[in-house]
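Following the hints, position chain B against chain A.
Taken in sequence, the protein lines are chains A and B.
Taking this note's numbering, I'd label the letters of the first sequence as residues 2 to 229.
Taking this note's numbering, I'd label the letters of the second sequence as residues 4 to 295.
Hints are computed from structural coordinates only; laboratory data are not their basis.
Note that the coordinates shown come from a computational prediction; the quantities given were computed from them, not determined experimentally.
All the pointers check out, no bait thrown in.
Derived DEER-like restraints, expressed as beta-carbon distance ranges:
no., chain 1, residue 1, chain 2, residue 2, range
1, A, TRP191, B, ARG130, 53 to 61 Å
2, B, ASP209, A, ALA215, 37 to 45 Å
3, A, ALA215, B, ARG170, 49 to 57 Å
4, A, LYS68, B, ASP118, 27 to 35 Å
5, A, ALA26, B, ARG170, 51 to 59 Å
6, B, GLN110, A, ILE163, 52 to 60 Å
7, B, SER277, A, VAL156, 53 to 61 Å
8, B, PRO106, A, LEU93, 15 to 23 Å
9, A, LEU6, B, THR63, 27 to 35 Å
10, A, ILE163, B, ASP209, 41 to 49 Å
11, B, LEU69, A, ILE163, 50 to 58 Å
12, A, LYS68, B, ASP223, 35 to 43 Å
Each residue gets a CB set at the ideal place from its N, CA and C atoms; glycine is no exception.
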Amino acid sequence: MFKLLRKDAILNGKVLALTYALWSAFWLGYPVLRPGGDASFTAWAVMVALPCAFLPILMIAREDKFKAGALACSLPVTRDAIASSRYVGGWLVALVGAAIAVGAMAIMSAAGMTELAPPTFWLPVAVVVTIGLVVASLLPFTLRFGMSGVLVFLVSAQLAGIVALLVAAMFGGLGGLGTTIRSAVKAVAWMRDALGPAAFSVAAVVAVLFLNLASYRLSVWIYRRREF
Amino acid sequence: MMDLAIEARGLRKRYRAFALKDVDLDVPRGYVTGLIGPNGAGKTTLIKLIMNLVRRDAGTVRVLGLDNVADEVAVKSRIGFIYDEPPFYHDVTLGDSARAIAPFYPQWSDRRFRDLAARFDLPLGKRFKTLSHGTKMRFALAVALSHDADLLLMDEPTAGLDLAFRRELLDDLTAILQDERKSVLFSTHITTDLERIADYVAFIRDGAIVFTLPKDDLRDRWGVVRADRPTVDRLPAAIVRGQRERPYGVEALVADAAAAREALGPGPVIDRASFDEIMVFMSREGNHVQAA
Chain A
2 MFKLLRKDAI
12 LNGKVLALTY
22 ALWSAFWLGY
32 PVLRPGGDAS
42 FTAWAVMVAL
52 PCAFLPILMI
62 AREDKFKAGA
72 LACSLPVTRD
82 AIASSRYVGG
92 WLVALVGAAI
102 AVGAMAIMSA
112 AGMTELAPPT
122 FWLPVAVVVT
132 IGLVVASLLP
142 FTLRFGMSGV
152 LVFLVSAQLA
162 GIVALLVAAM
172 FGGLGGLGTT
182 IRSAVKAVAW
192 MRDALGPAAF
202 SVAAVVAVLF
212 LNLASYRLSV
222 WIYRRREF
Chain B
4 MMDLAIEARG
14 LRKRYRAFAL
24 KDVDLDVPRG
34 YVTGLIGPNG
44 AGKTTLIKLI
54 MNLVRRDAGT
64 VRVLGLDNVA
74 DEVAVKSRIG
84 FIYDEPPFYH
94 DVTLGDSARA
104 IAPFYPQWSD
114 RRFRDLAARF
124 DLPLGKRFKT
134 LSHGTKMRFA
144 LAVALSHDAD
154 LLLMDEPTAG
164 LDLAFRRELL
174 DDLTAILQDE
184 RKSVLFSTHI
194 TTDLERIADY
204 VAFIRDGAIV
214 FTLPKDDLRD
224 RWGVVRADRP
234 TVDRLPAAIV
244 RGQRERPYGV
254 EALVADAAAA
264 REALGPGPVI
274 DRASFDEIMV
284 FMSREGNHVQ
294 AA
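For reference, chain B alone in the conformation it holds in the complex:
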């Protein structure tokens, strides 16, 4: 049985215009799991439920083996949490913010924080509001990593960053994670982030987890069939995850490219599915998509 950092079962949360429906989510311990889905799919709500920032209507969440509500203090002391908009006081310096937060974490290391601050070029004497969004995110990352968290939860950490800064941030994160094998769950709607650092991918749509799979499985096994309608209709229904009409025929996303090749023979084009394509096919916004 897989060792899990997060185990959510039957998680429900209803808002007026949106509901998270019986979500089951497994985040393996020691790996990076990317939570991906279109805007409004429920990524942030799910992460907030794990952090107990919003109240669940039903279900359970176990984090590192502990209930996230009953054992809230123990759970949160082992989590490094990064928001898309870091919630620090704008008129307080980075150094003072870190000084205010540090005592809450028994494992906090001032030396590690200073090392990370130097590595990320953080101006500790400057007020939070004077920093660029990228530097704010790096400060949040430094705080999250300075108390030796076993699990990093990150809600859209790269949103709003330009390409170069995003890449730098992910490289920083990857380098740190490679050394320490922490568990990470991060949400994003940017597929290239997944390709860079994720080991597992969980796809959420309309408040429900559609799949959680190893990234390599998705990359190596999933494919896109481009052919005419009669050919696509010959595909086994069990492997088809979505279809869309195109000017030149039909595209079908399949969960097993080898099985599709076996079913169709050598003629039709079957490409590897990119994360972008998986996202488009599996998303509500996808053109004429009929998810299987």
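Only chain A is shown next, with the shape it has when bound in the complex:
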């Protein structure tokens, strides 16, 4: 596992560093250039975590671009180990990206350079859940189909959304769909209130980890069958 992570770090390190630098400049500049907004530090961190969660896909996309998938599979490692390294490496890359931006923003806030509302207890939970949802959803597609898998997933998700809206409009009005979404949000809020912030946070993180475990199992199954 460590050898695979090291390999990916060497082969992708410069591109990742450049991406971190460019993205950080953009994210850090956004609240500075638009002062007076009512955004909170936590909301800003989620906004940052979302694109960071796509960074693992950048690495796999590069592998696809150079047709280098066969390189990893010709090394003396199992397919399962490669799939594991994609998850561990993916989480690391996403978390490091978010941590760099959040850390820099914390320094800027402390120096009075931004007007973001102070961070809350929910910041780390929100970042982990955001990254976890994206990684768990996208990695199986990416490992099997590469970049085209990501595109197919995103387009399919959009089409599914359009179909859901059309169906809702035709049969029950859009209010029905809105009610469903509001009910889901209310259910989550009810759980948060019932469990309390600490237990709810732990439950959310555990749920995301289980989702990633299921996603990983699927990825292993898929990756064993991938042909190069």
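Leaving out everything else, chain B in the frame of chain A:
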């Protein structure tokens, strides 16, 4: 019983438009075996099956005595694999690529890699994409040889190289192999590559191995009979491997030129069969070929 580096039995792989059919392949240990056949015959698929880069539908592959799937890690640590298009990151330098790969191989020797890099004039500080195809192949060869692999698997290593570079690469390879007696399986559709370095020749056509023979047997025993139809028809069917009509008569590829001479007497012309001729006769594309 021959000591084998690769032993494939009943290997099957079906694609929509192509199938590898019950392939049996023996690659002797310590020798160079050339896998030859026309384009689309199944050479790359067979090599990928040995490397477990594609999943087999049936059959077994033993590499250096180990199952290539059950013992995948142990098997791959003893293989040096070279693709026709080396799969390295284009924007990474050769030195960094080697640094990323080295830890996977317990037998990797930095000193040997540096020696090979110097011998092949590899610019380790340059990015992969800036190199010529020949230099890319040499880098792949240097990586494959730096971990003291017992078996080299090479898929069309000379494809796309000009004649001079191809010759240099094969000379480099031959010199290294002469010293170390590694086992090698390399696929090619260039017959002169076989003549330069192969000890054994395996011929594949339409997803099936037609024969695996020592190169010297092919060179010394096989022949081409050039005669008229009645004369060719007198050849024993068991030795005829293919025929084709020519403007001046008929050519027949025979697996035993001495037996053909005995059957036909001193009259007809019987030449040694070149690898090109064997390839043409045995290939689907051959003109009016009827393989026996």
